[in-house]
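A.B. asks: Chain by chain, the residues run as shown.
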Amino acid sequence: MAWRNNERTKHALGQPGVFARLLKCRRKTSWQAEGIVMSGQTAQTITLPNPLGKTKSGNGPVKTDPDVLRQAEQAVDDLQGDYPAWAQTDNDGLREAINCARSDPKTLPQAISDIYKCALDLKGQGGGFEYDLITSTGDLLTKFMEERETVSSHDFEIIYAHVDAMQAVIRQDIKGDGGKVGNQIVDGLSELVLKKD
Amino acid sequence: MTGAPVSFTQFAVMIVDDNRHMRSLLCSIMRALGINKIKEIGNGESALADISAFEPDIMIKDWHIELMDGTTLVKTLRHSSVDTIRYLPIIMLSGHSDTVRVREARDCGVHDFLTKPVSAKPLLARLTKIIEHPPPFIKT
Numbered sequence: 001m002a003w004r005n006n007e008r009t010k011h012a013l014g015q016p017g018v019f020a021r022l023l024k025c026r027r028k029t030s031w032q033a034e035g036i037v038m039s040g041q042t043a044q045t046i047t048l049p050n051p052l053g054k055t056k057s058g059n060g061p062v063k064t065d066p067d068v069l070r071q072a073e074q075a076v077d078d079l080q081g082d083y084p085a086w087a088q089t090d091n092d093g094l095r096e097a098i099n100c101a102r103s104d105p106k107t108l109p110q111a112i113s114d115i116y117k118c119a120l121d122l123k124g125q126g127g128g129f130e131y132d133l134i135t136s137t138g139d140l141l142t143k144f145m146e147e148r149e150t151v152s153s154h155d156f157e158i159i160y161a162h163v164d165a166m167q168a169v170i171r172q173d174i175k176g177d178g179g180k181v182g183n184q185i186v187d188g189l190s191e192l193v194l195k196k197d
Numbered sequence: 001m002t003g004a005p006v007s008f009t010q011f012a013v014m015i016v017d018d019n020r021h022m023r024s025l026l027c028s029i030m031r032a033l034g035i036n037k038i039k040e041i042g043n044g045e046s047a048l049a050d051i052s053a054f055e056p057d058i059m060i061k062d063w064h065i066e067l068m069d070g071t072t073l074v075k076t077l078r079h080s081s082v083d084t085i086r087y088l089p090i091i092m093l094s095g096h097s098d099t100v101r102v103r104e105a106r107d108c109g110v111h112d113f114l115t116k117p118v119s120a121k122p123l124l125a126r127l128t129k130i131i132e133h134p135p136p137f138i139k140t
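Heads up: the protein sequence lines correspond to chains A and B, in order.
Sequential numbering of the first sequence, starting at 1, is according to the working numbering.
Sequential numbering of the second sequence, starting at 1, is according to the working numbering.
A couple of the hints might just be wrong.
[Stated by the list, open to error] Simulated crosslink set (DSBU-like; lysine-lysine; CA at most 30 Å straight-line):
1) K195(A) x K106(A)
2) K129(B) x K63(A)
3) K75(B) x K129(B)
4) K175(A) x K75(B)
5) K63(A) x K39(B)
6) K143(A) x K121(B)
[Claimed, not checked] Label pairs and their calculated CB-CB ranges:
7) S190(A) x Q10(B): 43 to 51 Å
8) S80(B) x S152(A): 44 to 52 Å
9) F156(A) x T9(B): 46 to 54 Å
10) S113(A) x P5(B): 23 to 31 Å
11) T9(B) x D104(A): 32 to 40 Å
12) Y160(A) x A49(B): 34 to 42 Å
13) D65(A) x D50(B): 37 to 45 Å
[As the list claims (entries may be wrong)] Away from chain A, derived, C-beta distances all over 12 Å, residues of chain B:
14) K39
15) L48
16) D50
These are calculated hints, taken from the structure and not from any lab test.
C-beta atoms are modelled at their ideal positions from N, C-alpha and C, and glycine is treated no differently.
Using the sequences and the hints, build the whole thing.
C.D. replies: Have a look at this one:
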């Protein structure tokens, strides 16, 4: 392991807006480690041997066999048939958390956390299996639940509306954005979520 | 195919996610890439307990995991006295892509960040990027 000072990093420390600029670029590329330095801090760059080099044979840029990517994409496709059952489990978990919160207010903090987590799981998986409406609806529900400490009766109705929408997508096996009806559902839920607080 | 071919057969990957469906998805992608040594873990404490014995080459972890949520596990690993653990390449997955979270992940020493839903192509791209250009660490 080699420890060395990095002049470029030191120089970057004094530049105003560096941090913001790096953040702005995050969608184009993954961050460079240099980006983690905040203005005014001193830093050392630690350059390590590359233990993952064992996976690479030869010199030059890494090239993956296109068949490997095809196989990986096929593996995801092969799981598509399983996804509705997975989504159903998560949606059932969501419904259970809501019922808990309604029946026993003492469980509300945990239930809010569970509802948020289930919604996040649904959001994080649906689109990967072409169930984009699940991801859109899960996204709206996470936004609605984020930093929420209390849930009123009206809020419960809004949460249920999300659960019912996802249930319909699962039951009717609606893939993609769901067309006109799908857009109407998302627009309607968005309106409810935006009205929160 | 020009360039240096990469083979993942010797790769050891630790997947940390408390959603078993997500673990299944990630494991399937990893196996399809040719990775045979895969450990799936459902929470942060188990990951910490098993990491020395398993000796992963890379960790793929979800932001929201039970027992050591968010960046807690990463911060703990980055303070390990064992170099292979302290500098373990980590790809953070999250359902969120907001600036605050990406910044927090980056600042705590995550190598890369991938927003869910996860698909094979960006995951493979991140793995090959870490192999080709392992980022240096900044110690502040």
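A.B. asks: Each hint should be assessed against the structure and marked as holding or not.
C.D. replies: Here is how each hint holds up against the structure:
{"no.": "1", "hint": "K195(A) x K106(A)", "verdict": "holds (26 Å)"}
{"no.": "2", "hint": "K129(B) x K63(A)", "verdict": "holds (10 Å)"}
{"no.": "3", "hint": "K75(B) x K129(B)", "verdict": "holds (22 Å)"}
{"no.": "4", "hint": "K175(A) x K75(B)", "verdict": "violated (39 Å)"}
{"no.": "5", "hint": "K63(A) x K39(B)", "verdict": "holds (26 Å)"}
{"no.": "6", "hint": "K143(A) x K121(B)", "verdict": "holds (27 Å)"}
{"no.": "7", "hint": "S190(A) x Q10(B): 43 to 51 Å", "verdict": "holds (47 Å)"}
{"no.": "8", "hint": "S80(B) x S152(A): 44 to 52 Å", "verdict": "holds (45 Å)"}
{"no.": "9", "hint": "F156(A) x T9(B): 46 to 54 Å", "verdict": "holds (51 Å)"}
{"no.": "10", "hint": "S113(A) x P5(B): 23 to 31 Å", "verdict": "violated (46 Å)"}
{"no.": "11", "hint": "T9(B) x D104(A): 32 to 40 Å", "verdict": "violated (51 Å)"}
{"no.": "12", "hint": "Y160(A) x A49(B): 34 to 42 Å", "verdict": "holds (39 Å)"}
{"no.": "13", "hint": "D65(A) x D50(B): 37 to 45 Å", "verdict": "violated (31 Å)"}
{"no.": "14", "hint": "K39", "verdict": "holds (17 Å)"}
{"no.": "15", "hint": "L48", "verdict": "holds (20 Å)"}
{"no.": "16", "hint": "D50", "verdict": "holds (19 Å)"}
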